[in-house]
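2 protein chains.
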Amino acid sequence: MSAEPIPDAALAEILASIVFDRDGLVTSVAQQHDTGEILMVAWMNRAAVEATLREGQVVYWSRSRMRLWRKGETSGQTQRLVELQIDCDGDTLLVKVDQTGVACHTGRRSCFFRAVRGGGLETITAIEIDPGDLYGARR
Amino acid sequence: MSAEPIPDAALAEILASIVFDRDGLVTSVAQQHDTGEILMVAWMNRAAVEATLREGQVVYWSRSRMRLWRKGETSGQTQRLVELQIDCDGDTLLVKVDQTGVACHTGRRSCFFRAVRGGGLETITAIEIDPGDLYGARR
Chain A
1 MSAEPIPDAA LAEILASIVF DRDGLVTSVA QQHDTGEILM VAWMNRAAVE
51 ATLREGQVVY WSRSRMRLWR KGETSGQTQR LVELQIDCDG DTLLVKVDQT
101 GVACHTGRRS CFFRAVRGGG LETITAIEID PGDLYGARR
Chain B
1 MSAEPIPDAA LAEILASIVF DRDGLVTSVA QQHDTGEILM VAWMNRAAVE
51 ATLREGQVVY WSRSRMRLWR KGETSGQTQR LVELQIDCDG DTLLVKVDQT
101 GVACHTGRRS CFFRAVRGGG LETITAIEID PGDLYGARR
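Quick note, the sequences are listed as chains A and B, same order. Taking this note's numbering, I'd label the letters of the first sequence as residues 1 to 139. Taking this note's numbering, I'd label the letters of the second sequence as residues 1 to 139.
No lab work stands behind these hints, which were simulated from the structure alone. Some clues are possibly wrong.
[As the list claims (entries may be wrong)] To be clear about the criterion: a stretch of chain B counts as covered by chain A if any three or more of its residues have a C-beta under 8 Å from a C-beta of chain A, and this derived list gives those stretches:
| # | segment |
| --- | --- |
| 1 | 10-21 |
| 2 | 26-36 |
| 3 | 56-62 |
By construction, the Cβ of each residue, glycine as well, lies at the ideal position given by its N, Cα and C atoms.
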């Protein structure tokens, strides 16, 4: 799907099915398509959904930078869109992706690296890429 | 973990690590622990997180009903807590669960039953339990 341009009518149908919140955003869960691993949760606005479907690469809305955020634009850790799914009430998207490298800015594969275990909060996954290499000399 | 009572100090540490939004809520993604299937996305407040960790059964905050929502309290489709994870910036939870029956009020296993395919929005999973059986004569 992501390899072919999406027809305008289909895009309009999809955008009409999404219930954006009062800030114009929709919660978007990114899942590695083959392993099922949850990589991250971020937000999209209408323009981000449209760009994601048109470009076949995942684009979010950065709430901190207040602009479109092409995932990996700085770090190179891009997400190729495999499939976009919408939940029953339309207020959450599930984005099946193929993640290049790591999804988390800490250099871990997934942003969910802390778990409640043994009566406390534990770090359960290791850093795979030094964040300095992700955001340092590259630009 | 969910089988044992959580120590008060651990609960305090976990609650302090969560960044609740302006409505006092945190986005919570429920994932079937063994298959990796994303079942639903809902919201928790502090009391819901605490109840989930103390009871070992997932409790959300219902934004429509404005009260705690013990998942399955009406439908019987409960979620046993397997592990609670927190993301890097603390504003999203990943709740690994063992789902009894179906997660979606439409009677489907997952709320994500619509996908962008072939230039349009398609229903990709079937109803497993008649919603009338979930919410009808039971109460």
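Consistency of the hints with the structure:
1. For the segment 10-21 of chain B, the stated coverage by chain A holds: 4 residues have a C-beta nearer than 8 Å to a C-beta of that chain, and at least 3 were required.
2. Here's how the segment 26-36 of chain B fares: 5 of its residues keep a CB closer than 8 Å to some CB of chain A, so the rule of at least three is met and the hint holds.
3. Counting residues of the segment 56-62 of chain B whose C-beta lies closer than 8 Å to any C-beta of chain A gives 0; at least three are required, and the coverage claim is violated.
In summary, the one numbered hint that this structure violates is 3.
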